[in-house]
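Novice: Single-letter residue listing:
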Amino acid sequence: MTYTIEGKTGAWEIVVGLEVHAQVISHSKLFSGASASYGGEPNTHVSLVDAGFPGMLPVLNQECVAQAIRTGLGLRARINLESRFDRKNYFYADLPTGYQISQFTHPIVGEGTVEIELADGTVRHIGITRLHMEQDAGKSMHDQDPARSFIDLNRAGVALMEIVSEPDIRCPEEAGAYLRKLRQILRYLGTCDGNMEEGSMRADVNVSVRKAGEPFRTRCEIKNVNSIRYVMHAIEVEATRQIEVWEDGGEVDQETRLFDPSRNETRSLRSKEDAHDYRYFPDPDLLPLVVEQEWVDALERGLPELPDDKRDRFVKEYGIPRYDASVLVAEQAIADYYEEVAKGRDARLAANWVTGDLFGALNRTGRTITDSPISAAALGGMLDLVSDKTINGKIAKEVFEDMLETGDSAAAIVERKGLKQVTDTGAIDAAVADVMARNADKVEEYRGGKDRLFGFFVGQVMKAMAGKANPAMVNEALKKVL
Amino acid sequence: MSLDPATVRRIARLARIGIDESDVPALQGELNGILGWVEQLNEVDVEGVTPMVGTGHAALRTRPDVVTDGNCRDAVLSNAPDGVGPFYTVPKVVE
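These protein sequences, in sequence, are chains A and B. Under the working numbering, the first residue of the first sequence is numbered 147, with each subsequent residue one higher. Under the working numbering, the first residue of the second sequence is numbered 15, with each subsequent residue one higher.
Source of the hints: derived by calculation from the structure; they are not laboratory data. We put the CB at the ideal spot given by N, CA and C, even for glycine. Hints are supplied without guarantee of correctness; some may be wrong.
[What the hints assert, rightly or not] Here's a subset of chain B near chain A, in silico, CB distances under 7 Å, partners left out: (1) Arg30; (2) Val81; (3) Thr82; (4) Asp83; (5) Asn85; (6) Arg87; (7) Val90; (8) Pro100; (9) Tyr102; (10) Thr103; (11) Val107; (12) Val108.
Produce the entire structure from the sequences given, and follow the hints as far as they go.
Specialist: In structure tokens form, the structure reads like this:
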């Protein structure tokens, strides 16, 4: 179903395209040998190249190129063997050279596609227009002094990938799903840590509205939105504003706006009036970047299995539902954990335990999969005890809680607490006989046709045996005598 | 191609160069002179010729991803007219 916003004149569709800036994982900067790591003392991760001193020349970081190509491959995109660097000219205090080196006319990566899945299971493909490399700017601090802004150039020159989507997104939920998927792919590839809070991934959001069947109308760009939730809010707020403008007989101006989450509104950034007049031209300091197809092929062979492929493999190899597989591949560490538990065991049972009890326990204890209090091997050991019928499913829950608390192995806990499942038919038959003797009235009712009392008998027998009886054998024994 | 006075003012603004209104006609003449001179290149027929981006056939030089530079804050800040501690400062710029 098409998502629409109801205005005075009827329903409006929204059209959204996203430009995501993803900080490349590398040791040094895109064009200088200064450190690209986060959190150094102010102005220490800065070389004279980054500070824009006269005569300094940029030299391209090979690994940043590799990271951009890996990302392009992960987005199933075309890799351009020849690309170029341009200067994007604008004045700002945290841009010492007065231009950002970027790729305008010839980006390193061309068209690609990202598959997203919505809550109702709908699968959509969002087109990627391009990916190009560019430099990050420095940081301005405005709250240190009443009259001055302070500038720290540690970020200046760090490599970014700008990933531009087609205007294929039609609702806030799709924008959220796209960003989560993109972040997942970047993390799998190890090309960006995807941390939006620290600003290593941020989004510019292009929004316009239209009536069904119309061509695109004028769009506005909302700059630098730094969380997925805010992106989704900003789209709704901006679309609603534009609908009001059109319906009041006005025109939406193409402009840059800022989203203010505290007031839930977007505001025009008048200072960026000239923002789209960047007077791009080829950077005369840098020759075209030519990469060999053999190198691209080698990088492709070195890629990890991507989330979509992993999900499909899990469905096929482990016979688990697609939804469970999607949950398990959300992070590579979770997928690895699951595979270690599932290998050689009942894979569906493993999926249920990982997505159910384990996730619940991690949530409760505030841990993540990488510092899980129960290792994959330990959880696997417990499942072995379930499979070989040493313990039943109910006791397994108790053992799991104990493992969580004590860190002991499942086998040790079963031993210590004497939780071994009773499969001795004599003991079970005795318990069954005892329960029947004590509940003669219920036996009468059952035999008179009250079938649902069967569960009552099972419960009583289990209780009498402290939950340790083999449930299948209890069922069987009861059926025999009833 | 010739520039009108409005374009001259706009170029100056984009370049953050303050000019007097009285300078506009002279600048307009100079800039149009430069453009006119470069426009002579249009006489050359380049139909079917691949754009040349450099004189040599050298490939772009790249470097390995190793930290070799930085940690030279004193040098970096040496020309800052109004540095405060480890920072450059500029007149306040607030959106």
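Novice: May I ask which of the numbered hints given earlier this structure violates, with the numbers listed in increasing order?
Specialist: When the structure is compared with the hints, none of them turns out to be violated.
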